[in-house]
Amino acid sequence: MSRRILLGIGILLTVVVSLFPFLWFVVTSLKSQRHVEAVPPTWLPGGELGFYRAALVDYHLTDYILNSIVVASSTTVMTLAIGIPAAYALSRLRVSGKTWILGGLLGVSMFPQIAIAGPVWRILDQIGGLNTRWGVLLPYVTLTLPLVIWILASFFKELPTELEEAAKIDGCGPWRTMVLVMLPLAAPGIFTAGILTFIYAWNEFFFALLILTQPDKQTLPVGIALFQGEFTMPWGELAAASVIATLPLVILVLLFQRWIISGLSAGAVKG
Amino acid sequence: MRLACALIVGLADLGGAAAADEHVTLRFVSWKPDHPQVWEEALARFTHEHPNISILREIAPHSSTAYHDLLTQKLKNRDATVDLFFMDVIWVPEFAAAGWARPLDHRFPPTEQRKFLPATITAGTYGSRIYGIPSRIDGGMLYYRKDLLKTYGFAPPRTWPELVQQAETIVAGESAKTPALRGYSGQFKQYEGLVCNMLEFIESNGGRLVGADGARAALATPASLQAVRFVRERIIGRIASRALLTYQEPESLATFVQGNAVFHRNWPYAWEVANDPQRSSIAGKVGVTSLPHFPSGRSVSALGGWLYGISAYSAHPEEAWTFIQFLSSYGMQKYFALRAGIAPSRTALFSDQALLQGRPFFHDQFEVFEGTTPRPRSPLYPAVSHVLQRYFSRALAFGDLDLAAEAASADRQIVDLLALTGATR
Amino acid sequence: MTRGGADTRTGLSDQAAWLMLAPALGFTLVFALYPVVDSFLLSLHRILLVLPDQEQAFVGLANYRQLAADPVARQAFVVTLGFVALSTILEVLLGLAIALVIHEQFRGRGWVRAAALIPWAIPTVVASQMWRFIFNDQYGFANLLLYGDHIADYVPWLAYPGFAWMAIVLADVWKTSSFAGLLILAGLQLIPDDLYEAARIDGANAWRRFWHITLPLLRPALLLALLFRTMDAFRVFDLVFVMTQGGPGGATQVLQFYGYKALFTEGRMGYGAAISVTVFLAIFVLSLFYIHAVGSKLMEKERA
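Residue numbers (this note's numbering), protein chains in the order written: chain A, 1 to 271; chain B, 1001 to 1425; chain C, 2001 to 2304.
Rather than coming from a laboratory, the hints here were simulated on the basis of the structure.
Hints may contain errors.
Each pair of labels, with its calculated beta carbon distance range [said to hold, decoys possible]:
#1 B:LYS1177 with C:GLY2108: 51 to 57 Å
#2 A:LEU44 with B:GLU1168: 37 to 43 Å
#3 A:THR62 with C:PHE2106: 40 to 46 Å
#4 A:LEU66 with B:ARG1339: 32 to 38 Å
#5 C:PRO2052 with B:SER1329: 45 to 51 Å
#6 C:PRO2052 with A:LEU44: 54 to 60 Å
#7 A:LEU183 with C:GLN2054: 40 to 46 Å
#8 C:TRP2207 with B:THR1178: 35 to 41 Å
#9 A:SER32 with B:LYS1177: 23 to 29 Å
#10 A:GLY103 with C:LEU2093: 54 to 60 Å
#11 B:ARG1279 with C:ASP2149: 24 to 30 Å
#12 C:ASP2149 with A:GLY103: 57 to 63 Å
Covered stretches of chain B, as calculated for chain A (at least 3 residues, CB under 8 Å) [claimed, not checked]:
#13 1240-1253
#14 1413-1419
Residues on chain C that point at chain B, a partial pick, calculated with CB under 7 Å [said to hold, decoys possible]:
#15 LEU2067
#16 ALA2069
#17 ASP2149
#18 ASP2153
#19 ALA2159
#20 PRO2161
#21 GLY2162
#22 MET2166
#23 ALA2199
#24 GLY2203
#25 ALA2204
#26 GLY2250
Just so you know, these numbers come straight off a predicted model, no measurement behind them.
Quick reminder that beta carbons are idealized off the backbone N, C-alpha and C, glycines included.
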């Protein structure tokens, strides 16, 4: 049946096109220096791990990894801490101009970085946030809040009201209601929003480039973008560093594919 | 140009209890040196001579642009922890006009300045004051395959057309043995190095990048246009691979040391790499000479190199000067030249017998260094450079571009930019 | 999304709600809205960071006039618009294909979905280095695939203005089609199965079902994907920074990269701000246009 064949081709193409370009980098990272410089290139790697050692030790990738972990995790925690109450208020409480606020947040998520980069840099300059991890956190939280609030607001809205009313009868205020009643119910949504925030902060380059100029403070994307060898272009080491930087994301995607997909479409289509 | 690590290297005994009456720690922003042990020994010698001063080195990225952005950001912040730094020769007007670097005339009077190569002193000067002390000299030079030129009976080329002709002959003759061999390799990506490469072509034809008074067309003059046209029609995609339009120093040097280029334009550092059997397949087969010129011009080498500067926000300018004096002394420049192959900025060292015996290479290079030419000098140089980079890159990448119109447009943009700074003087 | 209701049911006090909202609004105000206003104010001044003694003169719209006459800006504008147009169209088309595939029921669908998500999850900087390597003139996979052992035929892709621009488009399409696909997938899932059943009973073949049921009902989702991708494509920066630095010949210099260079390398704060505001306004106008389109579609749907 032609439909099955068509689907088969579609599946094959989706998988091959999605994975193959990156596999070429994986192959390169497992070659030896001699094979990386071979023309024409060799198809298969020898399985050497020398480039990984070089990337981690000679190129101090461990420092960049550490910075990325700290920045991405703290962005996630902070965005959730601020986004959860905001989403709760916008979905369950009486707020005038609610539509405007949600629309405005959506607008902010579409801001081009360059439109705010200069002034954000000046603010950070004045408060001493340049070349600090918390300095880069501030724009990250700002730019991830809209998505988090949209995802969580649509999540909260779906939850039944009975429990909330019961809590109110028991004399719980809005904060206690949110924390004790709603949070456990919204856990899947919070988890989704958290993963998406983490991925954003892990991958962000523009603000990191502007704010973190000191090599010991830089995150992985900056390190990989500015990757340069002393006398030649170190493609093998770069490929190894790229694989290392991507690995956590691949794991996240494999484990939580379902959540990520629901999160990405929630903010958008349920509106 | 390693991915820079910002280890802060404390070279003196920081916990030093046996303090002189006032112990000062200087913070020195520099790149990760190619020869770390040589530097460490030098610094150890300094702290031995000056026990009351210790040096903390802050290692910045090796890419000049990334280094520039880091350092200027610190200076914009009036960061008092920076005492002294290396400046690229093209930054002096910017650092001087912005008030980031201290004028050093009273410490470094003309009698001292005369002991250095004039081009390096000009590079350190802005207006009528000097802000940078030359640590070394750098200039573009022509590397060539001694073995191939000898086989085909050529002497190193004196003019660009000669170079093209030799390259064509050799590449054609070697095509069976080395199919990947090309005639020329240099730096033509849209970035700062493109300006250096093109300056060498244009000025060796009697042209200029920027009019002498900063207000007149320079790129749209016949001499400049002719040189650009020559690169476009005779070099890129002809004797050289078109891939040069994506090459910076590392890629172009790799091509040469893999044995895939007859001629190669690079800075002095390439000599050591090209002759190191570990990293080069052509070790021992490399010659070096001045860059060629056009029949009517003279050889021109773009001036590169690094200067010591003292931050305007440093609390220890006295000690910083002591340190610079030490590093730029005759003895230390000789030490760096012998141990690390760094070309000295003091003229007298080029006739120092002990040095020339250890590094005969400097004898051949002196002529090149004497002819070095600075890039345009302006506090807005980064913006001027972007205009130049774009013009050259367009000229070379678009074969059918109307060169004269494009050059005139670039001239106008540069004149407009330079007019912005004129307002302050 | 705010069809009201919930708030009146619980009837909690406004004060607590505003308190809950305050930090989020504070961040947005300080680090997003104020900067946009500040960018606009800066763009009306001549500010050169390297000339601190120079008066920061109010120059009105002079920076914008200069921008309109600037050949570099014009080229950047054309390059950006072309990039946005071609990449978003390709992304939505490919996204639709991906969505149709992963919407089907088949064994191992979870794995295929995960595979499709990988390009989206890879850091853009990594993807950029990867594509730069694939298009390398000597070691690149593109040449190996096309020319194999004939190294004399190897093409330095990124040295040609047209190819370099296409390479950026291609890298962006590879990286983000799956995101467009997910938005479209969500739309697909909203289409009730019985519509297809009814059509099948009426004897409509697969192609007709796609053309007459799927596509019309998918329109809001497609527009939404187009909106998100357009806004995002306008902000392209990482790909250009890593792959080409705007070259060769400015063929890949997009507006956001030009603005970055003016602001942060050249220190022309006023002029750079004018570029920033222009990018912002372009996106703003486009999104109004889209939202109008999406909004009216949604309304049509509700009326129907």
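Against the structure, the hints come out as follows:
1. B:LYS1177 with C:GLY2108: 51 to 57 Å: holds, 52 Å
2. A:LEU44 with B:GLU1168: 37 to 43 Å: Holds: the Cβ-Cβ distance is about 38 Å, inside 37 to 43 Å.
3. A:THR62 with C:PHE2106: 40 to 46 Å: About 42 Å separates the Cβ atoms of THR62 (chain A) and PHE2106 (chain C), which means 40 to 46 Å holds.
4. A:LEU66 with B:ARG1339: 32 to 38 Å: holds, 35 Å
5. C:PRO2052 with B:SER1329: 45 to 51 Å: Hint violated: Cβ distance 34 Å, outside 45 to 51 Å.
6. C:PRO2052 with A:LEU44: 54 to 60 Å: holds, 58 Å
7. A:LEU183 with C:GLN2054: 40 to 46 Å: At roughly 55 Å between Cβ atoms, GLN2054 (chain C) and LEU183 (chain A) fall outside 40 to 46 Å, so the hint is violated.
8. C:TRP2207 with B:THR1178: 35 to 41 Å: Between TRP2207 (chain C) and THR1178 (chain B), where Cβ atoms are some 57 Å apart, the hint is violated.
9. A:SER32 with B:LYS1177: 23 to 29 Å: holds, 26 Å
10. A:GLY103 with C:LEU2093: 54 to 60 Å: violated, 29 Å
11. B:ARG1279 with C:ASP2149: 24 to 30 Å: holds, 27 Å
12. C:ASP2149 with A:GLY103: 57 to 63 Å: At roughly 58 Å between Cβ atoms, GLY103 (chain A) and ASP2149 (chain C) fall inside 57 to 63 Å, so the hint holds.
13. 1240-1253: With 3 residues in contact (Cβ-Cβ under 8 Å with chain A), the coverage given for the segment 1240-1253 of chain B holds.
14. 1413-1419: violated (count 0)
15. LEU2067: Cβ of LEU2067 (chain C) sits 12 Å from chain B, so the hint is violated.
16. ALA2069: violated, 10 Å
17. ASP2149: Result: violated, 11 Å to nearest chain B Cβ.
18. ASP2153: Violated. Min distance 11 Å.
19. ALA2159: holds, 4 Å
20. PRO2161: With Cβ-Cβ at 5 Å, under 7 Å, it holds.
21. GLY2162: violated, 10 Å
22. MET2166: Since chain B brings no Cβ nearer than about 14 Å to MET2166 (chain C), farther than 7 Å, the hint is violated.
23. ALA2199: violated, 53 Å
24. GLY2203: Hint violated; GLY2203 (chain C) Cβ to chain B Cβ min 57 Å, cut 7 Å.
25. ALA2204: Violated, because the Cβ-Cβ distance from ALA2204 (chain C) to chain B comes to roughly 52 Å (cut-off 7 Å).
26. GLY2250: holds, 5 Å
Going down the numbered hints, you'll see the structure goes against 5, 7, 8, 10, 14, 15, 16, 17, 18, 21, 22, 23, 24, 25, while the others check out.
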